[in-house]
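Taken in sequence, the protein lines are chains A and B.
Be aware that the first sequence starts at 57, since it is given in the numbering used here, and climbs by one per residue.
Be aware that the second sequence starts at 2, since it is given in the numbering used here, and climbs by one per residue.
These are computed hints drawn from the structure, not numbers from a lab.
We put the CB at the ideal spot given by N, CA and C, even for glycine.
Just to be clear, a hint being listed does not mean it is correct.
Result set (EDC-like, lysine to aspartate or glutamate): computed pairs, CA atoms no more than 20 Å apart in a straight line [claimed, not checked]: (1) A:K184 to B:D43; (2) A:K188 to B:E99; (3) A:K188 to B:D81; (4) A:K184 to B:D65; (5) A:K184 to B:E66; (6) A:K184 to B:E94; (7) A:K184 to A:E174; (8) A:K188 to B:D58; (9) B:K45 to B:D58; (10) A:K188 to B:D27; (11) A:K188 to B:E94; (12) B:K45 to B:D25; (13) A:K184 to B:D40; (14) B:K45 to B:D27.
Output of the computed footprint for chain A on chain B, the stretches with three or more beta carbons under 8 Å from beta carbons of chain A [stated by the list, open to error]: (15) 3-15; (16) 48-54; (17) 66-74.
Short derived list, chain B residues pointing at chain A, Cβ under 8 Å [said to hold, decoys possible]: (18) P33; (19) V41; (20) G42; (21) L57; (22) M61; (23) V78; (24) V85; (25) E94; (26) I98; (27) E99.
Now for the letters of each chain:
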Amino acid sequence: MRLIKSPREIELMRRAGRLTARGLVEGRSDDANRASSNLNWLPRQIFCSFAVVRGDPVIDRLSPGAPTSGTRNYYRNDQLLQSGDLVLMDYAPDVNGYTSDIGRMWPVDGSYSPVQGELYGFVVEYQKILLKTIRPSMHVGENRFRPRLSR
Amino acid sequence: MNSVWTEWPWSRLEYRQAARTMIDSDVAFTHPVGMAVHDVGDYKQGPLQPGLVFALDPQMWIPDEQLYIRVEDTVVVTSDGRRVAHQGMPPLELEAIESVMRHNA
């Protein structure tokens with residue numbers, strides 16, 4: 057019953073998605089691109105922007121050697137942003153009982169380094185291919201959902 | 002995909018291997034979304050149906066450098082394909098994200 061959503065449920069999830077997206081963009085624009093900013097500020101900004109949205113943002117600071125690196129979801133959010141960091145903002149708030157899950161990685165310096173662009177850029181290209189592949193009647197569990205790669 | 006795969010300018014073999022592991026993995030790849038962020042239901046064994054909503058969240062690990070890379074979108078299956086639940090915001094493309102950061106700096 058809960059697996060297939062009605063048009064009304066989908067509309068609630070689209071609304072959650074739009075609010076999530078705005079929260080991510082506005083939260084980032086206020087703080088995420090400034091080095092030495094405390095990540096705890098970002099969730100507060102999202103909450104202030106969208107009082108109707110409930111949820112716990114997950115914001116990871118990721119850079120080589122950083123204490124949070126390799127931690128999939130760093131919920132404490134008490135690390136200072138550093139120049140060169142990538143920040144994962146993974147956010148799924150509730151809107152009238154429904155949610156929408158979005159994740160993006162923002163470069164603290166405002167632009168991706170060559171290695172960040174290489175790694176995150178590939179994941180984004182892969183995501184775009186997956187998104188184009190989805191259609192009714194196909195099976196996610198089948199190999200053809202994911203591409204076969206040459207060696 | 003193969004053209005992206007074969008032409009991607011990997012700077013290290015370890016990065017290329019991490020990407021292949023991501024693509025081959027059945028873990029941390031997709032999950033249902035609804036009343037919970039990881040909602041109930043199994044859609045991986047049967048055909049996708051209109052009205053099904055799930056997240057796509059491919060993830061890549063590079064343990065030697067303690068790096069973890071991911072992106073995530075929530076997708077609605079429609080009668081003729083799919084639609085991203087949040088309609089393009091925030092942007093997905095790297096150049097578009099950098100543009101947002103420049104305009105909001």
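Okay, the hints, checked on the actual structure:
Distance restraint check for K184 of chain A and D43 of chain B: the Cα-Cα separation of roughly 23 Å exceeds the 20 Å cut-off, and the hinted pair is therefore not satisfied. For the suggested pair K188 of chain A and E99 of chain B, the alpha carbons sit about 24 Å apart, so the restraint of at most 20 Å is broken. Between K188 of chain A and D81 of chain B, the direct Cα distance comes to roughly 12 Å. Compliance with the 20 Å bound is thereby established for this hinted pair. Distance restraint check for K184 of chain A and D65 of chain B: the Cα-Cα separation of roughly 27 Å exceeds the 20 Å cut-off, and the hinted pair is therefore not satisfied.
Straight-line distance between C-alpha atoms of K184 of chain A and E66 of chain B comes to about 26 Å, which puts the hinted pair past the 20 Å bound. Proposed proximity of K184 of chain A and E94 of chain B is supported: the alpha carbons are some 9 Å apart, at most 20 Å. The suggested pairing of K184 of chain A with E174 of chain A holds, with an alpha-carbon distance near 15 Å, which does not exceed 20 Å. In summary, the hint linking K188 of chain A to D58 of chain B is supported, as the alpha carbons are separated by about 14 Å, within the 20 Å threshold.
As the CA atoms of K45 of chain B and D58 of chain B are separated by approximately 15 Å, the hinted pair is consistent with the 20 Å bound. Between K188 of chain A and D27 of chain B the alpha-carbon distance is near 19 Å, which keeps this suggested pair within the 20 Å criterion. Restraint check for K188 of chain A and E94 of chain B: satisfied, since their Cα atoms lie roughly 15 Å apart, inside the 20 Å limit. About 15 Å separates the Cα atoms of K45 of chain B and D25 of chain B, which keeps this hinted pair within 20 Å; it holds.
At roughly 23 Å between alpha-carbon atoms, K184 of chain A and D40 of chain B are farther apart than 20 Å, so this suggested pair is violated. Annotation: proposed proximity of K45 of chain B to D27 of chain B holds, straight-line Cα distance about 10 Å (limit 20 Å). Evaluation of the coverage hint for the stretch 3-15 of chain B: fulfilled, as 8 residues show C-beta separations to chain A shorter than 8 Å, against a requirement of three. Residues of the stretch 48-54 of chain B with a Cβ under 8 Å from some Cβ of chain A number 7, which satisfies the need for three, so the listed coverage holds.
Closer than 8 Å: that is the beta-carbon criterion, and the stretch 66-74 of chain B has 9 residues meeting it against chain A, so the requirement of 3 holds. Taking 8 Å as the C-beta cut-off, the interface hint given for P33 of chain B holds, the closest approach to chain A being about 7 Å. Interface hint status for V41 of chain B: upheld, as the beta-carbon distance to the closest one in chain A is roughly 6 Å, under 8 Å. Because the smallest distance between the Cβ of G42 of chain B and any Cβ of chain A comes to about 3 Å, under 8 Å, the interface hint for this residue holds.
Satisfaction of the interface hint for L57 of chain B is found here, the shortest Cβ-Cβ separation to chain A being roughly 5 Å, below the 8 Å cut-off. Because the beta carbon of M61 of chain B sits about 6 Å from the nearest beta carbon in chain A, less than 8 Å, this interface hint is met. Proximity of V78 of chain B to chain A holds as hinted, the smallest CB-CB distance being about 6 Å (cut-off 8 Å). The criterion of a C-beta within 8 Å of any C-beta in chain A is met by V85 of chain B, whose closest approach is roughly 7 Å, and the hint holds.
A least Cβ separation of about 7 Å between E94 of chain B and chain A falls short of the 8 Å threshold, and the interface hint therefore holds. Hint status for I98 of chain B: holds, given a least beta-carbon distance of 7 Å to chain A, under 8 Å. Below 8 Å, beta-carbon pairs count as interface contacts, and E99 of chain B has one with chain A at about 5 Å; its hint therefore holds.
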